[in-house]
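Given the sequences, and given the hints that come with them, work out the whole structure.
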Amino acid sequence: MNIWHRPQGVAEHTTRVRHVLSAMRGDKLALFALCIFALYCLVALLAPLLAPYDVNSVDFMDLENAELAPYWQTGDGRFLLGTDTQGRDLLSVILYGTRLSLTIGVCAVLIQLLMGGTIGLLSGYIGGRLDAFLMRAADIQLSFSTMMVAIVVLAVFQTLFGNAVYQQLAMLMLILVLGIAEWPIFARIIRACVFAEKDKEYVDAARVLGVSKVRIMLRHILPNTVSPILVILTIQIANAIVAEAALSFLGLGMPPAQPSLGALISSGFNYLFSGAWWISVFPSMTLILLIFVMNLLGDWLRDHLNPQAAGG
Amino acid sequence: MSLLSVNGLSVKFKRRNGDLTALHEVSFSLDRGERLAIVGESGAGKSILGYALVNLLSKPGYIAAGSVQLAGQELTQLNAKQWQGVRGKRIAMIFQDPMITLNPVLSIGDQMVEAIRSHTRIAYKDARKLAIEKLAHVRIAAPVQRFDQYPHELSGGMRQRVIIAIALLLNPEIIIADEPTTALDVTIQAEILQLLKQICLDNGVALILITHDFGVVSRIAERTLVMYAGRIVEQGPTLEIINDPQHPYTQGLLNALPQMALPGQRLNQIQGSMPPLSEHPGGCAFHPRCPYAQDKCREKVPGFVYSGVSTVACYVVEDMLAEFAQYDEEDLDV
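Going down the list, the sequences are from chains A and B. Taking the numbering used here, the leading residue of the first sequence gets 148, the next gets one more, and so forth. Taking the numbering used here, the leading residue of the second sequence gets 45, the next gets one more, and so forth.
Treat the hints with caution; some may be incorrect.
[What the hints assert, rightly or not] Cut-off 25 Å, straight-line C-alpha distance, at most; resulting in silico cross-link-like pairs (PhoX-like, lysine-lysine): (1) A:LYS345 to B:LYS56; (2) B:LYS344 to A:LYS360; (3) B:LYS125 to B:LYS103; (4) A:LYS345 to B:LYS241; (5) B:LYS133 to A:LYS345; (6) A:LYS347 to B:LYS58.
Derived by calculation from the structure, the hints in this document are not laboratory data.
Structure below.
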C-alpha cells in the first residue's frame, strides 16, 4: 500500500491543465504575461467593437486631420492617440493592426506546425532513407534565410500580378510564405524528440500491446513532445509577427489601406524627425509588449509543462 | 498439443563483416497455464529470446531460422497487421522497469482504454469499466481514483501492478515477463511475484518468466530453462534442477546464491564472465569457465541428453551417464 495515499473522497482528479494553472497562480510574472496576452487576444477578436472608428467607413480617412498629436498635447478629444499621416485615428488603426499581426502570426505558425509536425514525426519514427531525405530538405530550406525567401517571393508576386491583386491577397501570401519558410524548425525539434522517445520502453510496451504504428505516433509519442512544441510555438508566433512587421516595414507586407503594426511603424518612420513621433512609437510599443509577453510565456511554459516536475 | 512451441530458433545481428549469432537453435515448448522460467547471466540471450517470440527485435537483429508456433499458428511468417492481432491479445509482455514502461503523459486509464480499443471496438464506458475491473483484480486500492492518475503519482510496486493489469486486459494466453521485479524493493518483489503467480493460476495464463535470480524462479516456475551464451544448456522441472543441478553452469549459478555461502565467508562465484557476442568460443561455449572442461568440450557442441533429472547439454554428464549404463550392464551380466 502506498502510505502517502491521500484520504478518499478528496478529488484526486488532477489533470495537466490544473497542474499548469495552479503553478501559474503562484507566479506573478507568468500571470501578468498571461493576462496581457489574453488582453491582446481579446482586443484582436473584438477590434471592430472596441475601436472608436470604423476603419472601413469612407470618412475614416480624412487628410484634414493628418498628423494630429495625441489627446494630452492637443486637447482634441476625438483622437486619443492622435492620427497618422492619412488622418486615421491611431488607436483604431493600432487595434486593427494588432488583429492583423496576431492573425498572420498564428496562422503562419499553424502551417509551420502542421508541416513540421508531420514531417518530423515521420522522419523520426520511420528513420532510414526517408529521414535522411527529409532532413536534407530541411537543411536546404534553412540555408535560405526566411527574410530572403519572403522578400524574393513577395517581390516577384507583386511584379507578376500587379499591385491590385497583391493588395487583396497580401495577408494570405504573408501567411503562406512565413509558414512554409520555417517548417524545418518544428520538423527538427519534433524529430529529435521522437528519436529520444521512440526507443523508450513505453513505446515497446505499446507495440507489444498490439497498438498500430499510426496510433503509437499520434497517441503515445506526440503527447510526449508537446512541451518543447509549445515553447517553440509561442516563440515562433512572436518571430512570425516580427518577420511580418519587418516585411511590412520594407513595403512588402500589408498594404497601407489595411496596415498591420509593422506597416504602421513604417509609415510613421519618415515623420519621426519632423515631430510626429506618435505614429511610429505607439505601434512599436504595442508590438514590443506583445513580443515580450509571448517570450515570457514561452519560457515559463517550458519550465512548467512537464507533468513530472509539476506533480508532487 | 502444446500452446507455444519453439523449434530451432536462431537470432542474428546484421553486421558489415559477418553476422553475429545471439541465439543458437533454441527449442522448447510451453503448455497451457504452465509457468516457465528462463534463467541465465546478463548476455545469455534471455531477453532476446523474449523479444524474438513477439517479433520485437530492434533493428540489426533478425530471426535467421527456426519456427515459433502459437497453438499451431506459425508466428515468424506473420505480417505487421497480423502481429497486431497477436501482440497484446494472445501474448502480452511485462518489462523490467515499471518507471519507464508507462507513458508519462497519459493517465493510467487512458493507457488502458487505448490498449483495449486498439483490439476491440468497444464504447469508452465499457472499456473504462473493464479497466477498473482489472485494476481491482491486481489488488490496487481505490481503482476508480487510480484510473485518472498519472504514472508519476504511483509508487514502483503500484506501477508494476498497473502494468500487470494492462497485460491482463485482453485475456492473453501467454504473459512474457522480462525481469519483472528487478527494479523493485525486495519486499515489493515478493508481493508482485505472488500476484503474478496467482493471476496465472486464476486465469489459466501461461507465463514465461525471464530472470537471473534463482530465488525468484523457485517461487514461481514449474519448469526452468537455463541459458548460456545464446544456447539452452539445461531444462527440466524447477525443483529437480534446484535440488540436483546437472550442468556445471547451473551448478555455478546455484552456488553463487548468497544463501549458499556461510556467514563471514566470501560469496561463491563462477570464474570469468560471459563472453561478448563476437567472441563466443567454439565447442561448448561454457568451456573456458568450466572446472570440468575436457578436450572434446572445446571442439564440438554437446547434444542434449536426459539425465533422469533434466535435459542437459554437457559431455561430463553424458560421460557419467555412459559410465553408469556400463555399470548397470555389468551388474546385469553378473
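Hint-by-hint comparison with the structure:
no. : hint                 : in the structure
1   : A:LYS345 to B:LYS56  : holds (23 Å)
2   : B:LYS344 to A:LYS360 : violated (44 Å)
3   : B:LYS125 to B:LYS103 : holds (19 Å)
4   : A:LYS345 to B:LYS241 : violated (31 Å)
5   : B:LYS133 to A:LYS345 : holds (22 Å)
6   : A:LYS347 to B:LYS58  : holds (22 Å)
Hint compliance for this structure: hints 2, 4 are broken, all remaining hints hold.
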